[in-house]
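Trainee: Kindly produce the complete structure, drawing on both the sequences and the hints.
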Amino acid sequence: MSQLPHQFEAQLAHIRDALLLMASLAGRNLAHAMQALTERDDNLADSVEAEDASIDRLEISVDEMVINYMATHAPVARDCRFMLAASKISSNLERVGDQATTIARRVRDLNKEPMLKAVVDLPTMAQLAEQMLRESITAFIDQKPEIVPGIIGRDQQVDEINRRAIREMTREMASEPTTISRALCVLVIAKAIERIADHAKNIAEEVFYLYRAEDIRHERSLRESVAASDLRVV
Amino acid sequence: MVKNLEPPMTAPTDETIPVQPAATPGTGGETPPPAAIEIENLDFFYTDFQVLHGVSLNLPPHAVTAFIGPSGCGKTTLLRCLNRMNDLVPGARINSGQVRIHGVDIYSPGVDVIELRKRVGMVFQKSNPFPKSIYENITYGLKIHGIDKRPQLDESVERSLRQAGLWDEVKDRLHTSGLGLSGGQQQRLCIARAIAVQPEIILMDEPCSALDPIATARIEELIYDLRQQFTIAIVTHNMQQAGRCSDHTAFFYLGKLIEFDKTEKIFTNPAHQKTEDYISGRFG
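Those protein sequences? They're chains W and P, same order as listed.
When the count follows the working numbering, it moves up by one through the first sequence with no breaks and lands on 234 for the last residue.
When the count follows the working numbering, it moves up by one through the second sequence with no breaks and lands on 284 for the last residue.
Derived by calculation from the structure, the hints in this document are not laboratory data.
Treat the hints with care, since some could be wrong.
Computed, partial: chain W to chain P, Cβ under 8 Å [stated by the list, open to error]:
#1 Ala74
#2 Pro75
#3 Ala77
#4 Arg78
#5 Asp79
Below 27 Å or equal to it, Euclidean Cα-Cα: the simulated DSSO-like pairs (lysine-lysine) are [as the list claims (entries may be wrong)]:
#6 Lys88/W to Lys265/P
#7 Lys274/P to Lys144/W
#8 Lys149/P to Lys171/P
#9 Lys117/W to Lys191/W
#10 Lys112/W to Lys191/W
#11 Lys144/W to Lys265/P
#12 Lys118/P to Lys171/P
#13 Lys171/P to Lys132/P
#14 Lys143/P to Lys126/P
Glycine included, every Cβ here is placed at the ideal spot set by N, Cα and C.
Mentor: Set out below in structure tokens:
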């Protein structure tokens, strides 16, 4: 048996490359949106919105490559899982780009008003989300499903910061009504970062399925529903 | 006889492999039925060349089992062992091992090979209707087995052609030549001919390889329907065909059985890298 060079290996590599580029652009947009927030830089915020179109085009391109591959190669086993994962990863990365755009828009709104006292650590929250995104793509490219549980675990930290943001901003708005519009912007940004972490988690779950053929989505919600039913019985 | 070898591979049941309930309706939790065919440690040679190496597997009854693997892996040889078709090949011999149908070794001296081939019918790669009428093609085997009453033959012809999905197309021309049918119809005629003697097992050796996609789809539907009544083993080079119409798939490589499992398992998450490489087109 000899290993033959195959056109389809090149096509798989194209899809991988496109996803890597999407992840790179999405991660950069998140970083730029957060930099625009901390440096009150409208121009940088504008560039994030402009760059999002590139991510959108890549999403369409990945979908085209996936459908073409499926139609012409009828993939099975890992190749089939790869196509499913590629399509979902692409969709999640596109939404990461959208969330970065949402952050950039709120940053422009915030920049029109005086600075708000930093009661929520948005940069740390964004760093966590960006790290999750980077690691989920590393797991995909380097075929490392073993790092997926760690990525999923960090999503809870991001969720916790978001919940804290809601509490802090609610208190802030109650004590100082003139901050309401700015506090709402901060909450939208916190929610966008929380959603980015969710997308990174989704990508990690797809990577786990791709390399281990095991679907680990919704396991947490299953545990929660079991716990809830136990409570009802008690 | 060879001793101390691996036990035969048995297709997993729902007790061992969790599957969606809809995939195997009515079988969850039940004891699997005894195998229709048991192959145990089969070593097969063409003169000095060993083609099969210690193949052991159990084919479940009333199910379609696909044999896949690259050319020369021994899948057709194994299929032909199941009704002793290889007896006709000079130099072909089984060195050790057994093929049992309902517990009886089909290679034991007392076995009537004609009777065996009645119980284990075969459909070949290229349709091979006899140069006779459609009616005579179906009744040929029946007459060999002593059935010659016209009402009985008429009933068998209609039943077999209906089961093969050919009745409506040929009912008005039963006494015209079978060679006048299209390729797909000829292959279904051959299936009808195999069914007519009411076998328990049907062996199919790449039955669609010479057919267009429409004719192939009809044969695949037929295979799927026929498993209600027959145990079917099919050799195919078409991975999608194996995926579409078989319940279990056995992958062979260089005369060895590499993996045998439920078809959906083989095509979504095979256990062996060799299987994955083959079904995804990386070699073969």
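Trainee: Any CB of chain P closer than 8 Å to the CB of proline 75/W?
Mentor: holds, 7 Å
Trainee: Hey, does the alanine 77/W contact hint survive, CB to chain P under 8 Å?
Mentor: Holds, because the Cβ-Cβ distance from alanine 77/W to chain P comes to roughly 5 Å (cut-off 8 Å).
Trainee: Take the C-alpha atoms of lysine 118/P and lysine 171/P, compute the straight-line distance between them, and say whether it is at most 27 Å.
Mentor: With Cα atoms ~25 Å apart, lysine 118/P and lysine 171/P stay inside 27 Å; holds.
Trainee: With chain P as the partner, please determine if aspartate 79/W meets the hint condition of a C-beta pair closer than 8 Å.
Mentor: holds, 5 Å
Trainee: For the pair we were handed, lysine 149/P and lysine 171/P, check the Cα-Cα distance against 27 Å.
Mentor: holds, 20 Å
Trainee: Sort out whether lysine 126/P lies within 27 Å of lysine 143/P, counting only the CA atoms.
Mentor: The hint holds at about 24 Å.
Trainee: With 8 Å as the cut and Cβ atoms as the points, is arginine 78/W at the interface with chain P?
Mentor: holds, 6 Å
Trainee: Does the nearest C-beta of chain P fall within a distance shorter than 8 Å of the C-beta of alanine 74/W?
Mentor: Alanine 74/W check passes; min Cβ-Cβ to chain P is 6 Å, inside 8 Å.
Trainee: What's the verdict on lysine 144/W and lysine 265/P, does the C-alpha distance respect the 27 Å limit or exceed it?
Mentor: With a Cα-Cα distance of about 23 Å, the restraint between lysine 144/W and lysine 265/P holds, given a limit of 27 Å.
Trainee: Is the Cα-Cα distance between lysine 117/W and lysine 191/W 27 Å or less?
Mentor: holds, 18 Å
Trainee: Keeping to a limit of 27 Å between CA atoms, is the pair of lysine 274/P and lysine 144/W held or broken?
Mentor: Holds, because 21 Å separates the two Cα atoms, which is no more than 27 Å.
Trainee: Hint check: lysine 112/W vs lysine 191/W, CA-CA at most 27 Å. Holds or violated?
Mentor: Roughly 21 Å between the alpha carbons, so the hint for lysine 112/W and lysine 191/W holds.
Going down the numbered hints, you'll see the structure goes against none, and every one checks out.
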